[in-house]
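Protein chains in written order, with this note's numbering: chain A, 53 to 710; chain B, 130 to 236; chain C, -2 to 117.
Derived by calculation from the structure, the hints in this document are not laboratory data. Even glycine gets a Cβ: it sits at the ideal position worked out from N, Cα and C. Treat each hint with caution, since some may be false.
To be verified - Listed next, the in silico DSS-like pairs over lysine-lysine satisfying Cα-Cα at most 25 Å (straight line):
{"id": "1", "chain 1": "A", "residue 1": "262", "chain 2": "A", "residue 2": "230"}
{"id": "2", "chain 1": "C", "residue 1": "39", "chain 2": "B", "residue 2": "183"}
{"id": "3", "chain 1": "C", "residue 1": "0", "chain 2": "B", "residue 2": "183"}
{"id": "4", "chain 1": "C", "residue 1": "0", "chain 2": "C", "residue 2": "42"}
{"id": "5", "chain 1": "A", "residue 1": "267", "chain 2": "C", "residue 2": "86"}
{"id": "6", "chain 1": "A", "residue 1": "456", "chain 2": "A", "residue 2": "557"}
{"id": "7", "chain 1": "A", "residue 1": "329", "chain 2": "A", "residue 2": "428"}
{"id": "8", "chain 1": "C", "residue 1": "0", "chain 2": "A", "residue 2": "89"}
{"id": "9", "chain 1": "A", "residue 1": "557", "chain 2": "A", "residue 2": "492"}
{"id": "10", "chain 1": "A", "residue 1": "224", "chain 2": "B", "residue 2": "183"}
{"id": "11", "chain 1": "A", "residue 1": "405", "chain 2": "A", "residue 2": "137"}
{"id": "12", "chain 1": "A", "residue 1": "224", "chain 2": "A", "residue 2": "267"}
{"id": "13", "chain 1": "A", "residue 1": "557", "chain 2": "A", "residue 2": "405"}
{"id": "14", "chain 1": "A", "residue 1": "262", "chain 2": "A", "residue 2": "224"}
{"id": "15", "chain 1": "C", "residue 1": "39", "chain 2": "C", "residue 2": "0"}
{"id": "16", "chain 1": "A", "residue 1": "423", "chain 2": "A", "residue 2": "405"}
{"id": "17", "chain 1": "A", "residue 1": "230", "chain 2": "B", "residue 2": "183"}
{"id": "18", "chain 1": "C", "residue 1": "86", "chain 2": "B", "residue 2": "183"}
{"id": "19", "chain 1": "A", "residue 1": "668", "chain 2": "A", "residue 2": "428"}
{"id": "20", "chain 1": "A", "residue 1": "668", "chain 2": "A", "residue 2": "423"}
{"id": "21", "chain 1": "A", "residue 1": "329", "chain 2": "A", "residue 2": "423"}
To be verified - Some chain A residues well away from chain C (every beta-carbon gap over 12 Å; in silico):
{"id": "22", "residue": "246"}
{"id": "23", "residue": "258"}
{"id": "24", "residue": "262"}
{"id": "25", "residue": "280"}
{"id": "26", "residue": "406"}
{"id": "27", "residue": "412"}
{"id": "28", "residue": "456"}
{"id": "29", "residue": "500"}
{"id": "30", "residue": "595"}
{"id": "31", "residue": "627"}
{"id": "32", "residue": "633"}
{"id": "33", "residue": "687"}
{"id": "34", "residue": "702"}
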Amino acid sequence: MANVSMAQFHQVFFEESLEGLDNMETALLALDEGGDKELVHTIFRAAHSIKGGAATFGFPEMSAFTHEAESLLDELRDGRRPIDKPIIELLLRSVDCLRGMFARAQAGQPLNDEAAEVLRGELAAAMGREAVTEVKARRAGDRADAWVVRFRPHPGMAASGNDPLRLMRELKALGEMKVTADLDRLPALDKLEASECHIGWTIELRGQVKRDTIKSVFDWVEDECDLSIEPLHVVAPPAAVEAPKAPVTDVATARAARDGAPAASAESSSVRVSIDKIDSLIDLVGELVITQSMLDQFRENFDIAKLAMLQEGLTQLARHTRELQESVMGIRMLPIGSVFNRFPRLVRDLSAKLGKSVRLDMHGEHTELDKTVLEKIGDPLVHLVRNAIDHGLEMPDKRRAAGKVEQGTLRLEAFHRGGSIVVEVADDGAGLNREAIVAKAIQRGLISSGEGMSDEAVAELIFQPGFSTAAVTTDLSGRGVGMDVVRRNVADLGGSVTIRSTQGKGSVFTITLPLTLAIIDGLSAAVGEESYIVPLVSIVESVQLKAEAIRSVGGGGELFKFRGEYLPVIRLHEVFGCAGAVRNIEDGLMIVVEGDGSRVGLFVDGLNGQQQAVVKSLEANYRRVQGVSGATILADGSVALIVDIAGLVRMQSRRKAA
Amino acid sequence: MGSKTSSRGKAAEVAAGIALPADCRLGALDTLAPQLREAAGGSAATLDGAAVEKVDGAAMQLLVAFRRAAVAAGGSVSWAGASDVLREASSLLGLDAELDLPAVRPA
Amino acid sequence: MAKILAVDDSASMRGMVAFTLRGAGHEVSEAENGQLALDQAKGGKYDLVLADVNMPVMDGISMVRELRTLPEYKGVPILMLTTESHTDKKMEGKAAGATGWLVKPFDPEQLLATVNRVLG
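Build the full structure now, drawing on both the sequences and the hints.
Pasting the structure below:
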């Protein structure tokens, strides 16, 4: 039973350990910058916790690895070893190594890899010895069939919670016992301090017991008593002295424990919620209950005189429901700091590798984001930061030549703007090189000439698939992932990416994200007998068009002119096969939307109005459907699909390409 | 039985009766010890240990000291009752002879 | 059944300890550092306190020292949850007034055996 029940704490262990590793890393980086030596304690504590947990929850390799790191930290803590760059570097690598182990543990894979073993050796070598392989030899205890135990507690023994009576009871369990109390030192009643022990005992214990077994009874009080354990009769050891029972190492038992546990699911996610948030939820529910009971009175005996009260109650109900909704959404909200945390390290490693000097300036770490958004925003951000250091910021000599300070600044900032979260990655580097971009775009066949293109339009080019600007593709950013992927990833989260760049001054990438993915503001549009929700953030405008505004192009496509630009028409009834929908352009409505960096017109019958939609996953309840990001339930109980604008735009451009 | 007919006005010897608490361990001794010290001055004390559910070495030690003190003062100590827990403790600590608990619990 | 206070800054450790002991019928309260444990201990008398050594805010050893100054915790068993590598911590804990220790890693059976041992 024990092993199975243990598994339920694995996830908690993983989460707190990963958090601990983040803290270790932050503290190590701070130490690296000459931070307070007290930080070592924080680091030590994190390592110590991970070690203890790993051993308890059946991850001996992790425990053994952390043991080495912990020992090293212990030496640093005591000042036996100076804290220098190589040591910090080594510990940082250990943090990475442990992260890898956790990832493998979560995926149910073997924990150790070669790198881990090598690093473990390095840690040990840093302490001037070989890595410890924990195998404990068991010392065979003396054997006898009867013992005399002389035991005299020091006066303070009982106060520490070691009751002599308990010890006697434990001894009794080992064999037959004859006890003689020695009361010679017992003070007179009026002199006796009740919590002090003043009795000694001589115990004759008969039974096949090892000395160590008897001794173990007194384990905790070794220093708090006088103890002697003498055999009453010595017995010859049996011929084969209990062939050391296949040395059960800690490792083996622990592994067995783990194997017995159900495979941990790789990503059963959970959220840590602050008590404050929970408390406010409970308060709100309390108020909701009060409102409900107030409204309840009207069920039995309602007369028109109470109408005002009823209205008041309903208003309260609406307010509480809205507040409750906000609070519940708030539970999914986590500070972006957990994502930002990885950047000091990344920036440090990257700038060192490139020989650039970079100062990282982070703001708004406490800005909260939906957990799902948070989990997915990391990669795009990493890409932008890499890009900024790799391509944006110049080498020190170049900066000096341009009259700038040698150290470049990378600003990472998150803040609220309207109903969105904005994350900016800004650098004070060279800015986009218009000529290089235009040349590349021409070479790639994206444009025929840069003539007459606005700077914005040129900057947009870098978001085109397959575009890469660096003169030399380094191994840092040139990983075949371009800005187009960044934009698409962000678009998948319902957000957008834009760039502002000034040549010679630097670039700012702005990611705008919805506050939450669970609720969206949308416009409900009628198509035939069905309703579709179009996310408000993507809507540019709705227009009613004359038939002649539409131009047919080859392959059955249609275009219409909107602010001097020809936009493709997507007829929703065609995409989703809705019966009885309006077909005549003049009878319906064109909703101009923007997604994945381009605009299209969605043709619908008409609009039902604006509303908040609680997003239900279609994938979880049915399957993934192209052009649809989810479903929602309308006030009348019917289901409406939520249109995935970026998806539709991609479908459209594929059709165009075909 | 001692002084059935006392010529003096007051009973000279007040028989002290002390009931030991259910939880008779270190935490309870700050209350119990003063009671015992007072009772040790009388000539005949009766201890009731029937209710004792938990006891520890410190309490047993105190009882021994009490008995010794009472006897030294020329008094006597008798038991109105002793729980199994109390008897077990006495035996484990080798204090049977010293405490002289009743062999079986009175009905 | 006993009232037990489990003190550890690691939620997984605490959870494991509490879960195991509750399963054995004990009433378990949890605290995530020594200071919180101390506040809690003052509020209600516990029959046993299990405490981690390394904790933020107030470590286990300081907590034991503080607890032992309270008259109602005289003689109450307090066990330190410590690791093999910290023999000195065991002694430091003992000096502060701890009853004994339980060496990490331990499994639920070992935990129960030790708890039963001190509760008698």
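Hint check results:
1. Between residue 262 of chain A and residue 230 of chain A the alpha-carbon distance is near 18 Å, which keeps this suggested pair within the 25 Å criterion.
2. Taking the CA atoms of residue 39 of chain C and residue 183 of chain B, the gap is about 22 Å. The hint holds against a cut of 25 Å.
3. For the hint pairing residue 0 of chain C with residue 183 of chain B, the CA-to-CA distance comes to about 15 Å; that is within 25 Å, so the pair holds.
4. With a CA separation close to 8 Å, the supplied pair residue 0 of chain C and residue 42 of chain C stays within the 25 Å bound.
5. At most 25 Å may separate the alpha-carbon atoms for a hinted pair to count; residue 267 of chain A and residue 86 of chain C meet this at roughly 20 Å.
6. Distance restraint check for residue 456 of chain A and residue 557 of chain A: the Cα-Cα separation of roughly 10 Å lies within the 25 Å cut-off, and the hinted pair is therefore satisfied.
7. Straight-line distance between C-alpha atoms of residue 329 of chain A and residue 428 of chain A comes to about 24 Å, which keeps the hinted pair within the 25 Å bound.
8. A hinted pair counts as satisfied when its Cα atoms are at most 25 Å apart, and residue 0 of chain C with residue 89 of chain A does not qualify at roughly 40 Å.
9. With a C-alpha separation of about 22 Å, the suggested pair residue 557 of chain A and residue 492 of chain A falls inside the 25 Å cut-off, and the hint holds.
10. Between the alpha carbons of residue 224 of chain A and residue 183 of chain B the distance comes to roughly 18 Å, so the proposed pair stays at or under 25 Å and holds.
11. Distance hint between residue 405 of chain A and residue 137 of chain A is fulfilled; the C-alpha atoms sit about 15 Å from each other, no more than 25 Å.
12. Distance check on the hinted pair: residue 224 of chain A and residue 267 of chain A sit about 13 Å apart at the alpha-carbon level, within 25 Å; holds.
13. Between residue 557 of chain A and residue 405 of chain A, the direct Cα distance comes to roughly 23 Å. Compliance with the 25 Å bound is thereby established for this hinted pair.
14. Distance restraint check for residue 262 of chain A and residue 224 of chain A: the Cα-Cα separation of roughly 14 Å lies within the 25 Å cut-off, and the hinted pair is therefore satisfied.
15. Distance hint between residue 39 of chain C and residue 0 of chain C is fulfilled; the C-alpha atoms sit about 13 Å from each other, no more than 25 Å.
16. Distance restraint check for residue 423 of chain A and residue 405 of chain A: the Cα-Cα separation of roughly 32 Å exceeds the 25 Å cut-off, and the hinted pair is therefore not satisfied.
17. For a cut-off of 25 Å, the pair hint linking residue 230 of chain A to residue 183 of chain B stands: about 23 Å separates their Cα positions.
18. Restraint check: the Cα-Cα separation between residue 86 of chain C and residue 183 of chain B comes to about 31 Å, which exceeds 25 Å; the hinted pair is violated.
19. Of the pairs offered as hints, the one joining residue 668 of chain A and residue 428 of chain A holds, with about 19 Å between alpha carbons and a cut-off of 25 Å not exceeded.
20. With a CA separation close to 16 Å, the supplied pair residue 668 of chain A and residue 423 of chain A stays within the 25 Å bound.
21. A distance of roughly 15 Å separates the Cα atoms of residue 329 of chain A and residue 423 of chain A; the hinted pair therefore holds under the 25 Å criterion.
22. Residue 246 of chain A, annotated as away from the interface, has a beta carbon of chain C within 12 Å; the closest lies near 9 Å.
23. Residue 258 of chain A, annotated as away from the interface, keeps every beta carbon of chain C farther than 12 Å; the closest lies near 22 Å.
24. For residue 262 of chain A, the shortest C-beta to C-beta distance to chain C comes to about 18 Å, beyond the 12 Å cut-off, and the non-interface label holds.
25. The claim that residue 280 of chain A lies off the interface holds: its Cβ sits roughly 20 Å from the closest Cβ of chain C, which is beyond the 12 Å cut-off.
26. Listed as a non-interface residue, residue 406 of chain A keeps its Cβ farther than 12 Å from every Cβ of chain C; the least gap is roughly 37 Å.
27. Distance check for residue 412 of chain A against chain C: the nearest CB is about 26 Å away, which clears 12 Å, and the non-interface claim stands.
28. Every CB of chain C is more than 12 Å from the CB of residue 456 of chain A (nearest about 42 Å), matching its label as outside the interface.
29. With a least CB separation of 61 Å from chain C, residue 500 of chain A remains clear of the 12 Å interface cut-off, as annotated.
30. No Cβ of chain C approaches the Cβ of residue 595 of chain A within 12 Å, the least distance being about 56 Å, so the stated non-interface status holds.
31. Its beta-carbon lying about 48 Å from the closest one in chain C, residue 627 of chain A satisfies the requirement of being farther than 12 Å from that chain.
32. A cut-off of 12 Å between C-beta atoms confirms that residue 633 of chain A is not in contact with chain C; the least separation is 54 Å.
33. Non-interface call for residue 687 of chain A relative to chain C: holds, since the shortest CB-CB distance, roughly 41 Å, exceeds 12 Å.
34. With a closest Cβ-Cβ approach of about 43 Å to chain C, residue 702 of chain A is found to remain outside the 12 Å limit, as its non-interface label requires.
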